[in-house]
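> Each chain, written out:
Protein chains: 2
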Amino acid sequence: MRTSQLYLSTLKEAPSEAELISHKLMLRAGLIKRLGSGLYTWMPLGLRILRKVERIVREEMDKAGAQELLMPAVQPAELWQETGRWDVFGPQMLKIKDRHERDFCFGPTHEEVITDIARNELRSYKQLPVNFYQVQTKFRDEIRPRFGVMRAREFLMKDAYSFDASFDGLKASYAKMAVAYANIFTRLGLKFRAVAADSGAIGGDGSQEFHVLADAGEDLLAYCPTSDFAANVEAAEALAPTAPRAAATETLRDVETPKQTTCEDVAALLGISIERTVKLIALVAADGQFVIALLRGDHSLNEVKLGKLAGMGDFRFATEEEIRSTFNCPPGFLGPVGIAADIKVIADRTVAAMSDFVCGANKPKFHIAGVNFGRDLPEPALVADIRNVVAGDPSPDGKGVLELCRGIEVGHIFQLGTKYSKALNATFTDVDGALKPFEMGCYGIGVSRVVGAAIEQNFDERGIKFPQAMAPFEVAIVAVGYHRSEAVKEAAEQLYAELAAAGVDVLLDDRNERPGSMFADMELIGVAHRFTIGDKGLADGVVEYVARAGGEMQKVALAEVPAFAKALAV
Amino acid sequence: MRTSQLYLSTLKEAPSEAELISHKLMLRAGLIKRLGSGLYTWMPLGLRILRKVERIVREEMDKAGAQELLMPAVQPAELWQETGRWDVFGPQMLKIKDRHERDFCFGPTHEEVITDIARNELRSYKQLPVNFYQVQTKFRDEIRPRFGVMRAREFLMKDAYSFDASFDGLKASYAKMAVAYANIFTRLGLKFRAVAADSGAIGGDGSQEFHVLADAGEDLLAYCPTSDFAANVEAAEALAPTAPRAAATETLRDVETPKQTTCEDVAALLGISIERTVKLIALVAADGQFVIALLRGDHSLNEVKLGKLAGMGDFRFATEEEIRSTFNCPPGFLGPVGIAADIKVIADRTVAAMSDFVCGANKPKFHIAGVNFGRDLPEPALVADIRNVVAGDPSPDGKGVLELCRGIEVGHIFQLGTKYSKALNATFTDVDGALKPFEMGCYGIGVSRVVGAAIEQNFDERGIKFPQAMAPFEVAIVAVGYHRSEAVKEAAEQLYAELAAAGVDVLLDDRNERPGSMFADMELIGVAHRFTIGDKGLADGVVEYVARAGGEMQKVALAEVPAFAKALAV
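Chains A and B are the protein sequences, given in the same order. Using the numbering used here, read the first sequence as starting at 136 and increasing by one per residue. Using the numbering used here, read the second sequence as starting at 136 and increasing by one per residue.
Just so you know, these hints were derived from the structure itself, not from any lab. It is possible that part of the hints are untrue.
Same chains, same names: a pair is fine if it fits in one copy or spans any two.
Quick list of in silico lysine to aspartate or glutamate cross-link-like pairs, EDC-like style, CA-CA up to 20 Å [unchecked claim]: (1) Lys159 / Glu256; (2) Lys187 / Asp197; (3) Lys394 / Asp233; (4) Lys261 / Asp645; (5) Lys261 / Glu648; (6) Lys690 / Glu628; (7) Lys230 / Glu277; (8) Lys198 / Asp640; (9) Lys232 / Asp222; (10) Lys187 / Glu203; (11) Lys600 / Glu658; (12) Lys498 / Asp389; (13) Lys147 / Glu256; (14) Lys198 / Glu628; (15) Lys701 / Asp640; (16) Lys306 / Glu148.
Starting from the given sequences, assemble the full structure and let the hints guide the process.
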């Protein structure tokens with residue numbers, strides 16, 4: 136393609152709406168244009184990149200034996216009512232009434248539809264396993280769309296659904312998808328990590344997320360460099376300390392903390408390590424019971440883990456009013472000593488192993504030190520893992536020490552089991568003649584989000600450094616002086632024709648612009664390799680080559696350029 | 136691909152919901168599955184066909200210099216309010232409220248969005264012309280969805296929009312699209328016709344429809360076999376008779392027509408040609424005026440032409456009550472003689488040239504004969520072309536005689552002019568420094584409808600006879616006895632490998648089914664070419680070949696099959 140035939144519209148400055156680097160760069164490079172909140176047009180240059188991602192996704196899905204189909208985006212409410220998700224999916228789902236006042240939704244996901252197809256189509260174990268996928272525009276009505284394509288309302292998704300006759304079959308289908316996903320992100324040239332995940336609202340028995348590693352990632356991941364353990368912090372287990380609780384050595388005493396309401400400040404005032412402090416979080420469980428959670432001062436509460444404990448369910452944080460009426464004390468000075476017997480105490484495993492600790496005194500401007508379970512307060516009603524892991528924690532597989540990094544979730548694979556097949560009564564006749572519900576898996580990739588994530592991972596001050604497989608063009612030929620030098624024009628056209636004929640994805644920059652502005656555009660949009668043809672080089676019989684990924688400028692003899700460029704192509 | 140890896144689900148009988156042959160065959164072949172009214176899932180086999188159509192559409196659009204982008208399906212109401220179409224588009228448009236109660240629609244078309252992009256992006260004549268297109272799922276809330284993918288609510292469309300600096304530029308862009316469309320339908324292997332069309336609600340200055348010719352087509356087309364004239368009957372001009380009106384020779388007289396209320400019946404009773412009768416149609420114009428239209432007995436009213444006459448606009452047919460109170464006579468015996476002077480009479484050109492004709496007498500059970508304008512009633516207030524052409528009419532280009540055929544509209548190209556650019560204030564700076572609105576064109580193809588239309592044109596009692604470019608597979612190898620004969624398996628696998636390696640789109644039917652059922656499936660789904668490998672043929676060193684398009688079965692020597700098959704591939 137030639138720049139003269141390509142709609143290019145780069146900007147010097149990103150619109151102020153953009154916060155995230157990928158959003159800024161996508162707008163500056165003209166890959167997308169905003170239509171409304173969370174709604175973007177993919178301009179021709181951006182669509183080239185999106186299509187490259189789509190192609191690799193399709194190839195690997197096909198290779199893994201999945202079959203592509205295309206379900207309607209608009210779905211009848213009845214199916215969602217059958218699974219009960221019509222009411223629970225929440226306001227992210229765009230509900231629609233048609234002209235006959237019947238209820239529909241713009242599908243945020245397709246478990247219901249595919250399970251309906253399966254119950255109508257798949258009768259026998261002989262038809263299993265089968266894995267159907269589609270690449271489709273989805274809509275989720277985010278409350279605060281932001282970050283461009285990273286959290287858009289309308290986005291492109293690959294969703295796949297597997298049907299198996301047994302749980303072992305599901306595990307095999309799931310494992311195939313895990314391999315396919317690794318192949319996809321590897322081929323895309325992204326640094327990624329597959330991590331154990333919480334299954335969340337989709338439900339089911341096991342799941343893994345695929346994250347593109349990037350500092351701006353919304354998710355915190357824990358991994359063990361000396362083993363293959365990796366998990367979203369939401370799902371990473373914090374092991375109990377192996378050493379037993381030390382015996383009490385201190386006496387209980389009040390310490391004055393006139394302005395110190397955080398463990399950090401209290402530890403600093405007392406000149407002790409924050410690891411000797413305990414903080415209290417006041418909660419109301421799903422069943423209405425008042426609960427306190429105890430965490431070491433430097434640890435943070437893991438709401439997912441806590442929500443899974445019996446009775447906690449959809450817990451909430453207590454209001455300040457509830458706290459004051461329960462403790463007769465303002466937040467910042469709360470502690471577990473001397474509280475009413477009907478308040479349930481859940482201690483994190485780490486806290487349960489502590490002795491001689493410092494915590495709030497339940498009176499304003501005071502903490503207490505030398506606190507010990509069994510002596511100063513009862514042993515906690517429940518000891519559980521309710522905190523987020525931190526760097527340095529032992530890996531749950533016992534093979535090392537955890538490190539943390541940030542990631543952007545671009546894929547998620549789930550073992551759904553029979554959740555949807557049972558709800559929709561989707562059954563098949565097994566080899567023994569019995570009717571059984573399908574064992575299902577589902578497998579998503581946020582295709583448009585992959586583009587944003589790739590940029591978060593690959594950029595510099597000059598713009599986007601797409602991995603070659605995602606670059607809008609593999610090779611750019613910048614013809615400096617194309618419109619005034621016959622020699623430049625001829626050399627550029629010849630090289631362009633030769634590379635195009637060889638199947639290289641090449642862009643000829645034939646604009647009548649300053650060289651600096653042409654270079655800046657090619658760098659901004661992330662073309663992988665650039666050859667510059669100009670009169671000066673041609674006089675010496677050379678062309679300048681530079682890789683967007685980095686490295687020095689090289690001079691390549693004109694005659695050698697075609698072979699050189701072809702060798703660079705994917 | 137192998138049938139063992141392909142989800143095939145053919146049916147012996149079509150579900151009773153299907154009326155149209157293409158709908159029946161698509162369901163029987165398992166190309167689509169119904170999810171709800173006007174909502175279909177494209178199953179893997181059907182999607183293969185849809186993708187082949189998409190690919191050819193994209194290739195020809197790209198070749199014509201158009202650039203693909205992808206706009207959001209969900210569009211903010213504000214843009215539609217700017218052009219005034221939010222209220223006038225009608226209930227076909229699916230309106231949505233998001234979680235913040237803001238109005239959106241699931242886009243039925245994208246003139247507003249693309250014009251918004253143009254006004255933000257295109258500043259100068261130097262950026263023109265440009266033509267953007269997308270291939271996207273659209274939604275139109277049809278009041279009675281039917282005919283499967285031919286009139287579905289959710290469907291796949293290619294829509295393109297051109298922007299030019301001048302009307303001449305628009306004409307050139309439009310002409311390019313006309314060529315691209317002809318290339319597309321030619322490459323798809325369809326018998327089609329481009330016809331002049333009425334622009335309808337989209338508006339603008341000129342338009343052409345592309346029709347796939349098929350007996351079941353909803354549209355009637357007129358064309359001249361001895362010239363290149365072709366038009367939708369809606370838009371085809373009926374020329375005025377060249378011979379002047381003959382002089383009156385008969386006297387006016389009542390004829391008793393006790394039960395004859397139609398021109399056919401009156402002509403039969405009187406033993407005259409229907410071409411000597413005139414019928415009256417009572418109408419109420421947009422401005423409320425009572426109007427009568429006079430047509431020759433065998434002609435039919437063209438509502439589009441009538442609606443374009445001054446004052447007629449959104450006319451409607453008079454109610455029986457209005458007719459009785461105006462004429463003091465029931466419908467079936469109405470005529471133009473002796474009516475009130477304030478009733479406007481519009482005569483079709485053919486009627487205006489008639490003399491001594493027969494029409495209703497304006498009294499029950501009577502007609503009158505020997506009627507003549509100027510003698511028995513005034514000359515009509517207006518003479519105009521208000522009828523549909525019929526076979527045998529002179530071609531409007533004066534180069535022959537019209538014939539009629541039926542077609543299915545699969546494409547429509549429009550010269551929009553400045554309708555949308557003016558409404559949205561989308562302007563550019565022209566070479567003279569003046570701000571001007573863009574001259575726009577828009578160009579649609581109903582991608583999913585093309586599949587249905589192709590089937591309407593190409594089927595027989597055994598199933599679908601897709602043109603090769605649209606066939607789900609170019610070549611099928613039916614291996615009879617694959618699971619019991621090593622020789623068959625080996626020969627089939629070798630041929631399959633060789634054809635696949637040569638890039639032939641080949642399906643190996645490796646199922647353990649009766650040969651008749653395998654043949655029936657391959658015929659039903661419309662594979663273009665079939666090779667049958669069986670023990671009996673192998674003993675003679677031959678393979679049986681048959682083309683889905685028709686023709687005798689041939690025996691081909693095993694060694695020659697690869698070359699033979701490769702020569703068949705597109």
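> Can you give the numbers of the hints that this structure goes against, from lowest to highest?
Numbers 3, 16, in rising order.
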